[in-house]
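Student: Assemble the whole structure, with the sequences as input and the hints as a guide.
Order-wise, the sequence lines are chains A and B.
Numbered according to full-length UniProt numbering, the first sequence spans residues 1 to 361.
Numbered according to full-length UniProt numbering, the second sequence spans residues 1 to 102.
To be clear, the hints were calculated from the coordinates, so they are not data collected in a lab.
Relax, there's no trap hidden among the hints.
The calculated lysine to any residue pairs, modelled on SDA-like cross-linking and capped at a C-alpha distance of 25 Å, are:
hint, chain 1, residue 1, chain 2, residue 2
1, A, Lys91, B, Thr84
2, A, Lys91, B, Leu83
3, A, Lys13, B, Pro22
4, A, Lys91, B, Pro55
5, A, Lys13, B, Val27
6, A, Lys13, B, Arg70
7, A, Lys131, B, Pro66
Quantities reported herein were computed from a predicted structural model and do not represent experimental measurements.
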Amino acid sequence: MARQVFVLVGTRKGAFVLESDAARRSWQLRGPFCETWPTNHVVADPASGTLYAGGGNEWFGPAVWKSTDLGASWTHSSQGLAYEAGQDPVKSVWSLAVAGDGTLYAGVEPAGLFRSTDGGESWTHLDGLQKHPSRPEWSPGGAGLILHSLVLDPADPKKIWVGISAAGVFASEDGGLTWEARNRGTRADFMPEGQNYPEFGQCVHCLVMAPGGRGRLYQQNHCGMYRSDDGGRSWESIEKGLPSSFGFPAAVHPRDPDGLYLIPLNGDIKGRFMPEGNAAVWRTGDAGASWQAQRTGLPQGGAYFNALRQAMATDTLEPAGVYFGSNAGGLYASNDEGATWDCLAPHLPTITSVETLVLER
Amino acid sequence: MGAQGPGTASEAAPAPVLVHLPPHLVVLFPGADRLVPLEAASVAEMVDGLDALWPGMRERICDETPAIRRHINVFVGGRRARLTTPLAPGADVFVITAISGG
Numbered sequence: 001m002a003r004q005v006f007v008l009v010g011t012r013k014g015a016f017v018l019e020s021d022a023a024r025r026s027w028q029l030r031g032p033f034c035e036t037w038p039t040n041h042v043v044a045d046p047a048s049g050t051l052y053a054g055g056g057n058e059w060f061g062p063a064v065w066k067s068t069d070l071g072a073s074w075t076h077s078s079q080g081l082a083y084e085a086g087q088d089p090v091k092s093v094w095s096l097a098v099a100g101d102g103t104l105y106a107g108v109e110p111a112g113l114f115r116s117t118d119g120g121e122s123w124t125h126l127d128g129l130q131k132h133p134s135r136p137e138w139s140p141g142g143a144g145l146i147l148h149s150l151v152l153d154p155a156d157p158k159k160i161w162v163g164i165s166a167a168g169v170f171a172s173e174d175g176g177l178t179w180e181a182r183n184r185g186t187r188a189d190f191m192p193e194g195q196n197y198p199e200f201g202q203c204v205h206c207l208v209m210a211p212g213g214r215g216r217l218y219q220q221n222h223c224g225m226y227r228s229d230d231g232g233r234s235w236e237s238i239e240k241g242l243p244s245s246f247g248f249p250a251a252v253h254p255r256d257p258d259g260l261y262l263i264p265l266n267g268d269i270k271g272r273f274m275p276e277g278n279a280a281v282w283r284t285g286d287a288g289a290s291w292q293a294q295r296t297g298l299p300q301g302g303a304y305f306n307a308l309r310q311a312m313a314t315d316t317l318e319p320a321g322v323y324f325g326s327n328a329g330g331l332y333a334s335n336d337e338g339a340t341w342d343c344l345a346p347h348l349p350t351i352t353s354v355e356t357l358v359l360e361r
Numbered sequence: 001m002g003a004q005g006p007g008t009a010s011e012a013a014p015a016p017v018l019v020h021l022p023p024h025l026v027v028l029f030p031g032a033d034r035l036v037p038l039e040a041a042s043v044a045e046m047v048d049g050l051d052a053l054w055p056g057m058r059e060r061i062c063d064e065t066p067a068i069r070r071h072i073n074v075f076v077g078g079r080r081a082r083l084t085t086p087l088a089p090g091a092d093v094f095v096i097t098a099i100s101g102g
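Tutor: Listed below in structure tokens is the structure:
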């Protein structure tokens, strides 16, 4: 048995899969898949190896694609992936998550949550989010009113967290029936002075759960980076020591709950580039108390790209691999926890998501 | 039904409409054809017929409004049709995707 590592890449023009052995020095690129549909998120069920890709096509609407042969062939479905007649139609799928029992969740635009218990063949709307009292007041962020972050508690299938731009973080402890806003301590700098800590309306960019089962979450927000040690009920800023408070993706270390990777950009009104045109991933090993730039092997000078909100991931190997994709189509990887970097594919379409899968084969 | 049925032969066995599908729709459904003869008296019935042949094709052509998707045009007799547009026997129906950039 040998371990194979797969990097699953969503792009504006289809899904791609890269494959390597555990050394992660030599990669094979396959794709584009999903008929070059705009693909917002590609994930894997680690138990079965099934791949799922969520997206939406301007012509044909939203769909979740599925491959049971690691990308060689794909089918698609959106049966039930729709709101009630007369509602604003579902435009695209933004985020996917697979629970331990294979249940599949999909976050969509306009913001809502769907569940599939038959491997993505059919979908049921979990309409609890639409019934939240704040729902009529949600207003879209720059990318639309999107449910882009979907976090499942590996120990309790009834616990779900979602990130919605620009409505904030919401959590359910009853499998999606009822929800509460969990944004205390996160800023909304774009609100009038004195109203910068509302109950909801924060522009969350990415929400991730730390390993270890202690309810620790991290989030990259439009206005700062944060850690929560109580399942999102309260948030503490961890942006001190970083070059800006603005960025999109966040990725946790696979085993260390204090390990987090972020990609701070030069700010939200300055082009949203790598600071000074120098690419770097910033790592903390102490839960955000201190930060180190990791840039060896990344483009230095002239790197006027960014990394989008779902475009960074780690793998589960030792040492952990770290991967991110840029809006300019470059896919970058580290096989040593971010200490050194290589470009795996320089010229993909705009990269919207990066995830990993490790299989024993 | 032929000569034994009520009415004229053409009423008893209406000429089907001929549906012209775009290539990037057909590619989503293995076995689907670009030209599809169907018996349908309206665009909505045509969509029913396509979905019966290739389950899931309805969701690609229509949203949950329900309406033909915003960037898809269905043309009948040179005019843009809606789901309620009637189809005459023998009509050519063109399902066309809008021009898209990027």
